[in-house]
Structure formats: C-alpha cells, structure tokens
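There are 4 protein chains.
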Amino acid sequence: MIVVMKSGASQEQIDRVVENIEQLGLRSHVIVGTERTVIAALGEKRDGAKQSLERVPGVDKVVPILAPFKMASTEVKRERTEVASGALRVGGKKVSVIAGPCSVESRAQILEIAHFVKEAGGSGLRGGAFKPRTSPYSFQGLKEKGLELLALAREETGLAVVTEVMAPDQVPLVARYADVLQVGARNMQNYPLLEAVGETDRAVLLKRGPSATIEEFLLAAEYILKTGNTRVMLCERGIRTFEDHTRFTLPLATVPYLHQTTHLPVVVDPSHGTGKADLVAVMARAAVAAEADALMIEIHPNPEKAMSDGFQALRFDAFRELMADCRRVAEAIGREM
Amino acid sequence: MIVVMKSGASQEQIDRVVENIEQLGLRSHVIVGTERTVIAALGEKRDGAKQSLERVPGVDKVVPILAPFKMASTEVKRERTEVASGALRVGGKKVSVIAGPCSVESRAQILEIAHFVKEAGGSGLRGGAFKPRTSPYSFQGLKEKGLELLALAREETGLAVVTEVMAPDQVPLVARYADVLQVGARNMQNYPLLEAVGETDRAVLLKRGPSATIEEFLLAAEYILKTGNTRVMLCERGIRTFEDHTRFTLPLATVPYLHQTTHLPVVVDPSHGTGKADLVAVMARAAVAAEADALMIEIHPNPEKAMSDGFQALRFDAFRELMADCRRVAEAIGREM
Amino acid sequence: MIVVMKSGASQEQIDRVVENIEQLGLRSHVIVGTERTVIAALGEKRDGAKQSLERVPGVDKVVPILAPFKMASTEVKRERTEVASGALRVGGKKVSVIAGPCSVESRAQILEIAHFVKEAGGSGLRGGAFKPRTSPYSFQGLKEKGLELLALAREETGLAVVTEVMAPDQVPLVARYADVLQVGARNMQNYPLLEAVGETDRAVLLKRGPSATIEEFLLAAEYILKTGNTRVMLCERGIRTFEDHTRFTLPLATVPYLHQTTHLPVVVDPSHGTGKADLVAVMARAAVAAEADALMIEIHPNPEKAMSDGFQALRFDAFRELMADCRRVAEAIGREM
Amino acid sequence: MIVVMKSGASQEQIDRVVENIEQLGLRSHVIVGTERTVIAALGEKRDGAKQSLERVPGVDKVVPILAPFKMASTEVKRERTEVASGALRVGGKKVSVIAGPCSVESRAQILEIAHFVKEAGGSGLRGGAFKPRTSPYSFQGLKEKGLELLALAREETGLAVVTEVMAPDQVPLVARYADVLQVGARNMQNYPLLEAVGETDRAVLLKRGPSATIEEFLLAAEYILKTGNTRVMLCERGIRTFEDHTRFTLPLATVPYLHQTTHLPVVVDPSHGTGKADLVAVMARAAVAAEADALMIEIHPNPEKAMSDGFQALRFDAFRELMADCRRVAEAIGREM
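Residue numbers (the numbering used here), protein chains in the order written: chain P, 152 to 488; chain W, 152 to 488; chain A, 152 to 488; chain Z, 152 to 488.
One should not assume that every hint holds.
[What the hints assert, rightly or not] If you want a taste of the chain A side facing chain W, the calculated C-beta under 8 Å gives, among others:
1. G184
2. E186
3. R391
No lab work stands behind these hints: they were computed from the structure. Bear in mind the structure is a predicted one, so any value in this text is a computation, not a measurement. Just so you know, even glycine gets a beta-carbon here, dropped at the ideal spot from N, CA and C.
Just chain P, same shape as in the assembly (with noise of 0.2 Å):
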C-alpha cells in the first residue's frame, strides 16, 4: 500500500501511520516529495489494513498495490484453465454454445429445443427451472419438475445441463440434475450461495452483477475457489448504464481484460446483454471476435408465446444462422467452432 499524505500533514501524523502500518506487521518507508509526503507499507496483506490506515487524520487516500483476488489471478496460476462438464469443454480451442429457453415450460418443450441445439452444433443446454423474476406476480419456473425434464433432455441428447441455483438450500437438489450450476447475476454477491456452489462437485457459472467491478466480480468468484471448487466459468451478461435502447450495456472489452487478469474462462450472455432478439446475433459474432470462451443463447421455437423473456429470444433459423456467423468468425481468429 501507499499511504498519500494530506499536503501540510504534520510530522506527528506521519509518525502516526508509521506506528499503525508497523502494528498491522508492515515494514514502513517514509518519501518526502515537494508538495507531500507519501509512505509505502511493504508486506502488504490482503485485508482491511487500508481501511484502517484511511482514518488516521492526516491521511488523504491509501493506494493498494496488490490486487485482492488471489486465486482467480494470473499472478497465482499462468495457464488458462480450461473447465469441462458432461459435454461441454469451456476454455480451450473450441468456441462453446450454451442454448436453451429462458424457463423450461414443458417436456415437449425443452426436448425440442434441446434436439434443436444438439443439432445445431451446441454442446450446453440451458433453461430455468428455479427462475429469479423481479415481480412476485411473474412466472416462477416448474422448480424439480423442471430439473427432471432437463436430466431427461440431456439423456436424449448428451447436452450438458446449465441451469441457475437460487439459495444454499436448493444446492444439492439442483447439483443431482444439473451439470453446471448456475449463479445469477441477482445473486453474484450472495455469498452464502457462493459457498454453498463452492462446496460441490459441478462447474460453476457464475455471471457478473449489472453493477459490478470486474475487482469484485473476481473476488465473488474468489468465494467459490477458496472453498474448493476451482471449475469456475465468468459470464459477462451487461451492466447497467444510462443507455435505454438495450436492456443491459454489453460491455465486450471485459472478454479481453479479463483474459490478462485471470486464468478463468469467459462466456458471453448477448441475450441479457442486449435484451433485445434482433441484436443478439450481431452482438454473438462480436463476442466471438472479441475472445469469449462460449456463448450463452436463449432461443424458443415460438418466442411470442414463452412463458418469460421472450423478447429476447431467438427463433430457430435465425439461431441456425448465428450459429454458421459465429462459426466463420470464430476460424478467422483462429479458433473452431
């Protein structure tokens, strides 16, 4: 840490961070520039010693040096790590699609859709059974009964599940069907969920918050390897911003300053990120260019008629047509898909 004096802090002051630095067990290493003094905490720790040293009075502002997340770091771990699951493989050469509807609404649904996607070249197949709505008055999802037509999907099919994982107490419910859980982008800072993840077996795909730091974003998927689960796959699915002609600000150069700060593998959700169907196969594509590891697609055969989101789920053909977009940008960067 770098501790940046207020200019004319008094030398008692000074002395005061000194003996606060060295009772955190920091080395201290006093700089007076022109204007101001700084101080250098060596040693740094990753916990609340800045906070700490922010109120001692003189104190203008505590610069970390170290970044918090640990294991999510390519400082820690230089390979990419490459995250597998029942068929589906994240993190390598191949370019992944995960596509499903927003909720399973029935058992001819989701095996049609499922057929489709298998058929289509997608390897994951996504779908909420357990659905977070913002109104209490909207469509919950078909909760077990939805996960038991998803494990009868991937026996069809071979598809790898992905489905979302609301509360610690449906952990181990939802790990009996699914192949990778799901962390919603409500529920990127519910720790107690995190940890609960954290504790099974299964991949985890966990989305980023719609108003959260990629700083905190690592550290929420920090919560999940500290706890001994180290298949952690980042979703990018938009922010929130004061743009109003999409519903989420799809923020694609996360994909490439993501891949220099961690070794975690990147999928990209244009369906919430742009919450709009007629955007979402431009918006893929660019993704592709843009690096991501998979992509995440909600389709439905009859979007007018889905039970949730389906203003921004894409019909059959024109998932075809992403699919072979994608694909050919996907070889002109080199990768397969």
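Please build the complex by placing chains W, A and Z on the supplied structure of chain P, with the hints as guidance.
Okay, now just chains W, A and Z, sitting in the frame of chain P:
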C-alpha cells in the same frame, strides 16, 4: 398497455396484435394515427403480457400503463405505513435514528456503543453479526455470538436491534435475536430470502440494491408484502454511478419520490451512501430535509481500529453533533427527532 | 402521443387534457380503461407538446410515439448513406480505417505515421491540431501549423485528413485543410458548432458524447443534416459508466442498433473506447464483427514519447497485426477491408 | 506520482522507468516490495508525465499524488471565495436564490416573473435568451431580444441577470446585458467558451456536465480561472445515471465535497436535477441543508403554457412556499436566506 406499431406495419400485423391481446383476456382498441397505429390493451394484468406482445412482428414497443407493484403502491393504500418494532417507530412524525458499528466486534465494544446511542437519542442499534464482505479474506462477523451480544445490548439499553440476515436458512436464528431483519443491498433481489423474511413476524429493513431502479426496489418489497409481512421499511443507501469521489452516489430525490409512490416508510443511510466519514453528517441533515423517516448511521469509538468499514464510521463526538444538527433541521420542517 | 392519466383522475382533468391537445392542433381520442384513462393525441408534431401536457393536473406521464429525429431516421430514408471524402469512403461494403496520432506533434512525426498508415491499408489520417484537453495545463495542439502538416501528409500519401474543430469560428480555417471535420465527444451538443459544420461542404464525423443517449446522438446529427449537410458519420467512442478498468465502456450494440434506426454510417473508435493500448486490437476486431463501417485508431511510433494519450496508442507492429486480424473478420462476415 | 510495476517486472524495465522519470526532470525513488516494486517520482508536475510512464513496458499503473487543478484548490487558497455581481452575492452566510423561467418568452412574461422573484426574496433572475435545445425542432430562444428584456427586468427590479452563453463569439453580446454568464452543462468542456468567459469581467456560473467527474468539473473551472477571471460559481445540476424516475440524479454530496476541495461557491439547481416540478421544493430544502451557497430554480406563472421545460417549472405559490421552507432550514443550520 399501449402497443405502438412500427411505421408501415401491415394490417395483418395489426390483426395479429389484436388477436394476441384477446387471447390474453384483454380488450383491444385500435387507434390509427397519421404516421403510426397504436393499439390499447384494456383490462391490463401485471404479468408477462407486455413481453409476449413485444415479439409480435411489426410491434415497435409496448408501454405499460400500470405500475407493476400493487401492495406497495399508494394506489392501493393511501395512508402512510408506520413500522414499529420495540423502541423503534419509523414512518410517523418523529425522525428516528438507528446507529451502531458496522460489525459487532466484542462485548465491550457493542455495549459501549449501545449506551452511547441510547444517550445520544437513537432508538435502534445497528451492528452486523453475519457480514457480507466483498472479499473472502475480510472479517466475516461474529455470527451467533454477535447476535447474543446485540440482544444483551438491547437488554441493557432498550434499543431495538437491527441486523442483517444473509440466507433463508439463517432467518429463524436471526429472527430469534433481532427486532428488525435487514436485507442488505447485495440481496435486494435474493427472492428466497425475501420470502423467508416475509414469513416471519419481524419488521424488515430492505436496502436498495446499488443498481436497482425504484420499480425493482418496490417489486422486491412486494415479494415481502405478498408473502404476508407488511412491516417493511425501504432504505436508500446509494447507487453505483461513474462518480468516484464518493463510494456510492446518494440520490436523495428517492425519498420524496418514494413518498409519492408508496406508503412504506423511507430510511436513509448516509454512511454507505457516501462512504466517507466527513460527508456523513451533512448528508444526514440533507436526508432529514428531504423527509427521510429515519437515519441509519455507522459509528465507532475508534474508527482506526474498526474491524470493517472504519473509513465511514463517525466518532462519538461527531455523531452527537450530527444529532443536534439534524434535530434542528427536523424541527424546521415540522418534524421531531 | 399517449397521455396516461393518474388513477382516480377527475373528468374535469381529462377534459382539460383534451382541450390542451386540441389547442396544439392535434386530435384527441379518450380510452377509458379498467383502472386508468389514457388519451391518444393524433397528428403528433416533434416539439414541446409532450412537455406542456405533462404539467396538466391529473396527468401521470406522456409517452411519445414518434422518434424525435426525422432526417437521420430510416423511417424517412431507407437506403444506407455512404459518405465519401477524398480517399475515404464510409458506409459501403468496405470497412475503412482512419488512423494516426492523438496530436500532430511535428513534420517528421506526422509524415512517418501517414506513410505507415497508407502502407498498412488505411484510407484516412487522424491527428489533432486543435486539442480539447481536460486540463488547461496539458498540451493544446499545434493549431494552424498542425493543419498545414496534415495537408502536407495528405499531399504525400493521398490519405483523407480527419481532424477536430472545437469552435464555430474555427470552422472555416479547419475546413480549408481537412477532408472530414470531427466534432468531438465533448462538443456533441455544442449546437452553434453543429450548425457551423452543417454549413460547410465537408464531411463530418460526429462523436457520441460519453453520456448521450442514442436519441440525443441522432438529434445532434439532425442539427447538422437540417442545416444542409448530409455527409455525416456517427462515431461510437465509449460511454461513461461505473466501470473503472477501462477509460470508457465501449457499447458495441450501438452499431447494429444504429443500423436499424438510421441510414448514416457508423464508425467505432476502440482507442478512446477502451483507453488501453492492449485492449484496442481485440475490440477493433469485435467492432468489425458488429458491423462497424469504419474504425478510428490511434497509433504512434513511440507511445512513451507521445505528447498526448500515449497510453492508448498502438505501436506500428501492433497496428499492422490489427489490420490483418480485422481483415479476416471482415471477410468472415462478407465485407472487405 | 507512484509508478507500480507488474509483479515479475525485470530490472531492465525498472531501470527504464527510472530513466524516463529523470528525463521528465523529476527525482526517482525505488522501493522493492515483497511482491512488487514501486517507484516514486518526486517533484511532480501537473501534465502528461503520468501518461508517458504508463506506456513503459512492465508498468502496471501510475498513481498521481497531486490533484490536477491548482487555482481552484483549497490547497492554494483556503478562504472561501464570495462572488458578487449586482444584487447577487454567492458564497457568504446568506443562501441566495436565482429564479426565473427556462426561456424568456415575452416582455409581459419576464417582467411578471421578475417582479414576483424580487418580492419573494430572490436576488438573481434566470432566463434563457440563447437556448441549447436537444432537438433542432424545439424553440431556440428569443436571442438578443431576450437579452434586452432581461436587462429591462433588471432595471425594474434590481435583480442580477443570469443567462446562458453558448459560443465564444456570443460572449461580448451576452456580457453586455448579463451580470452572470452561465456556461451550460452541455458546454462544461467547451474550452474556447471557457476561455472566452474567462476573458470578461463578468461573474460566471459553470454548470457541471451530466457525466463529468468532480476532477473534470474543477479542471473546467481552472480554465476560466487561469484565463484571468476568478469570479466563478460551480453549479451542481444532476448527473446521468441509470435512474429513470427522475430526469437526472441529483447527488447532493457534491456540495460538501466541493467545499472541502475548492474555495469556489456552490450553487444547486434542483429543477434540472430532478426534472419534476413536484420534487423540486423538497430537494431545494435538502440542498440548503447540504450547505449550498445558492439555489437556482425554474418558475413559470403557467407551466402548461411554457415554451420549454414546463414540466419542471414551479408555479408562483409553490415557489413562495419553497422560499419559506428553505429559509427555516437555512436558519436551522446557522445561515440566512
């Protein structure tokens, strides 16, 4: 709902919208304008109808007419709700103050603070026993031991205990000790948790998520109300914006806007809302002037030594001054404190 | 427009809205719903009518039906506009590249860069002569001397010169040297400047302001179009959000959305859009995949010694690689480069 | 500045940073930490040094120590600046009020309003003659005729005239009529305009841009101060965020933060800051409690008929009540009004 067709939409497309509206059990009413056609759907329900209409070809947008929340709305209940729990009453003429440390750290700490809060005129004691921390390497709270200490502090001072609950399965435990269950900002859309606190007989303090719209905030409250618990307080604690000189941006216009929109009482937390101890007192005053029903303030006898969030905690003397200033402002606008 | 009344609005209030609508020269159409009344105003004009109706007692909100821009809209002109200026053509099958330094620094610098851009396949040369700088203590550009050097570079290479103009009274001078007048992000709503460039016969590159909605962006373009200059290119260069790992957030969904909404061509500037040299190339590729009509890239032979914005400028070798990568992506989506 | 090297940076990279620092005329000081090396650059200047160091290989980030503004800073001048112009004094014990219509519409309108403002206790008259309007199809102001009417209103009432200037070449004209030159939010970073008002002897009211950081805001003020005009008032008028229930988000913590950071007086505009007439009065009170030095309020005798922004203008009776309420709050915090 009002369905706005694209300019140049065909008669066939218009007919299909009308048909969809009628299948939803609503009446339709077509209005042909000079450049576009709009179709009113009468008898609106609060559910996914909007989304399904959005996917009909030729539709440009669908504008809802009704607010999606019901029980929280002043359309349903016009008189202001007053929430009382132990010594704490929020929503009447008096502006109440809930104060205390970020985390319960020890018996001596919480008792010293509680006695001070009581003497300074507060009626609620805040203090985290289960702490949601961004980093897994930060102090996570004393857990049940912390709850016991809070209950002890209540016994000695009569203050109502306000403390956070982080997961549905913690609710029975926390409810055994607390007067008010706090749902933190990170959990505003943790629906299983909202339902779990909705099933208790404890008052609930629901914090606004840092990127939640007011509509989402009220829909989160609606989850609690709908489950059967009507003793809900809403707490504005700052939103995430591009501003970097404060930890969050504290948008006080939320307060009068909520008073127009909902009958639930509104609490303001200027400690999290600014994240800087030296801005808290002024923003507390401004919150009172903006008609907050209560304030929630972090204090600590020695912020440099606090185990969490010391940078935003007020020292005792600063808090005493804050109380005096806020009292004068409260009286100036015809309230008490 | 659709005027939505509050629930419980009186007949008198409804009558007053109707009267106001008719005074505006529009026809009114009252629809009585189960919970609320809405009133359609037909024959809408693009002006302040919405705002005046919003103040009539009993009105909850007024929803416009028409987009407020006209000449920029695909409703008015469906064929894509191609803007050509010197060697630069933007909006056709070819993805064009405008590259160059942040600031023109010297004769040697701009000529070296221009020859390199030409050789690498670019068709426009960017370079600031008048520099808008956040701090008055930063380098402000070579001014007219810089313009002369840009013109010299054009002479030697044939590249089209793209350079910023900051004030209406600079327009004649800059137009004497430049092929394309750039209106910077800070000036997107500098209306006298928009009108001044609208009066020239030069192509205009209009940058999106960092907090401008798409509607405001297109209305700014509308100022230029309405003044009589139809050769306008729109440039997405990043918006301001809470993200702090990049300088701005680059929302590529702007590109396909603009293609749906306007016939004007769309340029993407990943240099400002990320503010980090090591993210530029990947985001350039993604922009091409998102159907950008042109890229605008900052390059510098020695970024450490650049007089401005060196942190986001690419070195020559990195730019050459970017061009090759983008060309492959362009071909993958059926375009050229 | 503090230069933080990446973990694993080579000695050669460290040497190159040291060399660069010395070429900039600064002294360097290398501190080898347990995981990383940091290098302090002493004798810091306020210019592009940070940016050039950021591009040296092996550098992770560069942290500035000094604020980039100087003349606006409390580090340079500790006593608060009071700006006086005609009847208006801003920055002393008294909280001043500037009120008036969005646009000057007619002689009768502006005189009626001016007399009312005077009688209600205001000391400044606002009113747009040159109007920056988002749409080219909206009313653009009466221009010079409007300025004449404002001067007439001053003659009759003694109020100071506050009006916007939009371009450098309008400055001499507007300065002939106005007491205070307003630089609008859209022009906060219009540097030629800032310099042009900096060259006059008129007081300046500088509005914060809707996405400007405080640092950018103060650097904009610095342009005016550096040009030679020290009579600058800063005006908070709301920032752009994801919130959609108000036109902008009004972040009142700006007020106490600016008072810590700069000696310039701070004005708050709750009319633009909320964009809703029924929130203005409460937020005006909150602004006074937050220590605003002045308020700027839009009023209109008949908002339904206003030619611009009627939705946020207060009627006369509401304004009279606002004045009474704010006066009580001002007195409660030891100020006058």
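Status of each hint after checking the structure:
{"no.": "1", "hint": "G184", "verdict": "holds, 5 Å"}
{"no.": "2", "hint": "E186", "verdict": "holds, 6 Å"}
{"no.": "3", "hint": "R391", "verdict": "holds, 5 Å"}
Checked against the numbered hints above, the structure breaks none of them.
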